[in-house]
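Q: Position chain B against the provided structure of chain A, taking the given hints into account.
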Amino acid sequence: DQQVKQNSPSLSVQEGRISILNCDYTNSMFDYFLWYKKYPAEGPTFLISISSIKDKNEDGRFTVFLNKSAKHLSLHIVPSQPGDSAVYFCAASGANFGNEKLTFGTGTRLTIIP
Amino acid sequence: EPEVTQTPSHQVTQMGQEVILRCVPISNHLYFYWYRQILGQKVEFLVSFYNNEISEKSEIFDDQFSVERPDGSNFTLKIRSTKLEDSAMYFCASSEGQGSQPQHFGDGTRLSIL
Numbered sequence: 087d088q089q090v091k092q093n094s095p096s097l098s099v100q101e102g103r104i105s106i107l108n109c110d111y112t113n114s115m116f117d118y119f120l121w122y123k124k125y126p127a128e129g130p131t132f133l134i135s136i137s138s139i140k141d142k143n144e145d146g147r148f149t150v151f152l153n154k155s156a157k158h159l160s161l162h163i164v165p166s167q168p169g170d171s172a173v174y175f176c177a178a179s180g181a182n183f184g185n186e187k188l189t190f191g192t193g194t195r196l197t198i199i200p
Numbered sequence: 529e530p531e532v533t534q535t536p537s538h539q540v541t542q543m544g545q546e547v548i549l550r551c552v553p554i555s556n557h558l559y560f561y562w563y564r565q566i567l568g569q570k571v572e573f574l575v576s577f578y579n580n581e582i583s584e585k586s587e588i589f590d591d592q593f594s595v596e597r598p599d600g601s602n603f604t605l606k607i608r609s610t611k612l613e614d615s616a617m618y619f620c621a622s623s624e625g626q627g628s629q630p631q632h633f634g635d636g637t638r639l640s641i642l
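Protein sequences appear in the order of chains A and B. To convert, note that position 103 of the first sequence is 189 in my numbering; the numbers rise steadily by one, no gaps. To convert, note that position 4 of the second sequence is 532 in my numbering; the numbers rise steadily by one, no gaps.
Hints were generated in silico from the structure; no laboratory data involved. Every residue gets a Cβ at the ideal spot worked out from N, C-alpha and C, and that includes glycine. There may be inaccurate statements among the hints.
What the hints assert, rightly or not - Partial pick of chain B residues on the chain A-facing surface, computed with a CB cut under 10 Å:
(1) Y563
(2) Q565
(3) Q569
(4) K570
(5) F573
(6) L574
(7) S594
(8) P598
(9) C620
(10) G636
Stated by the list, open to error - Calculated pairs, BS3-like style, for lysine-lysine (alpha carbon to alpha carbon, straight line, at most 30 Å):
(11) K154(A) to K570(B)
(12) K124(A) to K570(B)
(13) K140(A) to K124(A)
As the list claims (entries may be wrong) - The following residues of chain B were derived to be distant from chain A, with all beta-carbon distances above 12 Å:
(14) G544
(15) V547
(16) R597
(17) D599
Chain A extracted, bound-state conformation (with noise of 0.2 Å):
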């Protein structure tokens, strides 16, 4: 059952320089998109959300963009920063917002060089 799919699964960038984590969903009754980041040995922290009302959310260093049509998020990062090296993980629930259970992708391990 691939209904949210990160097709990467890692990548590098260079520290200051902005980081793209994309990910993509195929069911339309999906309303409300999060993003979530991982440390080993911790569980998932919340990040950012979008709902689909929306095409952008912004939170400091970090946007989510939303593209309905192509059923197509993106997480920017920037500047990226060491400490954002992590598993980030894109997320989509239903209509009812945050009361719905969580459709998980894999995951992209995201190393930020120094």
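A: Structure of chain B alone, referenced to chain A:
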């Protein structure tokens, strides 16, 4: 900042034994969830819980699994007769459930079935 806490961090159990994983959700949250991540695989939804009853459960959540909120603070996941394939990280999450509120995760319990 309020957080979801899970105990124990690591549980080792013989196959066929019962195990209880414990979680203390964030205090003003109304929705509670269990997810699991088998090594090398994606985070998968198990069950959601609201108003003292199960809201939704996945195919994984069969008769061997149960959840309970025994008091005003704890939320537990019980596996009655563990199997080798139950070995995984189990994550508890909670959300306010109002509008676009994200789910917040604990650091997980690593369950190892021998």
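Q: Decide, hint by hint, whether the structure agrees.
A: Here is how each hint holds up against the structure:
Hint status for Y563(B): holds, given a least beta-carbon distance of 8 Å to chain A, under 10 Å. Contact between Q565(B) and chain A, as hinted, is supported at the beta carbon level, the nearest pair being about 9 Å apart and thus within 10 Å. Restraint check, Q569(B) versus chain A: the minimum CB separation of about 8 Å is within 10 Å; hint holds. Given hint, K570(B) at the interface with chain A, holds; its Cβ is 5 Å from that chain's nearest Cβ, closer than 10 Å.
At its closest, the beta carbon of F573(B) sits 4 Å from a beta carbon of chain A; the interface hint therefore holds under the 10 Å criterion. Contact between L574(B) and chain A, as hinted, is supported at the beta carbon level, the nearest pair being about 9 Å apart and thus within 10 Å. Proximity of S594(B) to chain A is violated relative to the hint, the smallest CB-CB distance being about 18 Å (cut-off 10 Å). The interface hint given for P598(B) is broken, as the beta carbon of that residue sits about 22 Å from the closest beta carbon of chain A, more than 10 Å.
A distance limit of 10 Å between C-beta atoms decides the matter here; for C620(B) the minimum to chain A is near 8 Å, and the interface restraint holds. With its C-beta approaching chain A no nearer than about 5 Å, G636(B) sits inside the 10 Å limit, and its interface hint holds. For the proposed pair K154(A) and K570(B), the alpha carbon gap of about 23 Å is at most 30 Å, so the pair holds. Restraint check: the Cα-Cα separation between K124(A) and K570(B) comes to about 12 Å, which is no more than 30 Å; the hinted pair holds.
Distance hint between K140(A) and K124(A) is fulfilled; the C-alpha atoms sit about 25 Å from each other, no more than 30 Å. With a cut of 12 Å on Cβ distances, G544(B) stays outside the contact zone with chain A, its closest approach being about 28 Å. Consistency note on V547(B): stated as away from chain A, and its beta-carbon is indeed over 12 Å from all of that chain's, at 19 Å minimum. The non-interface label for R597(B) is consistent with chain A: the shortest C-beta to C-beta separation is roughly 16 Å, beyond 12 Å.
No Cβ of chain A approaches the Cβ of D599(B) within 12 Å, the least distance being about 23 Å, so the stated non-interface status holds.
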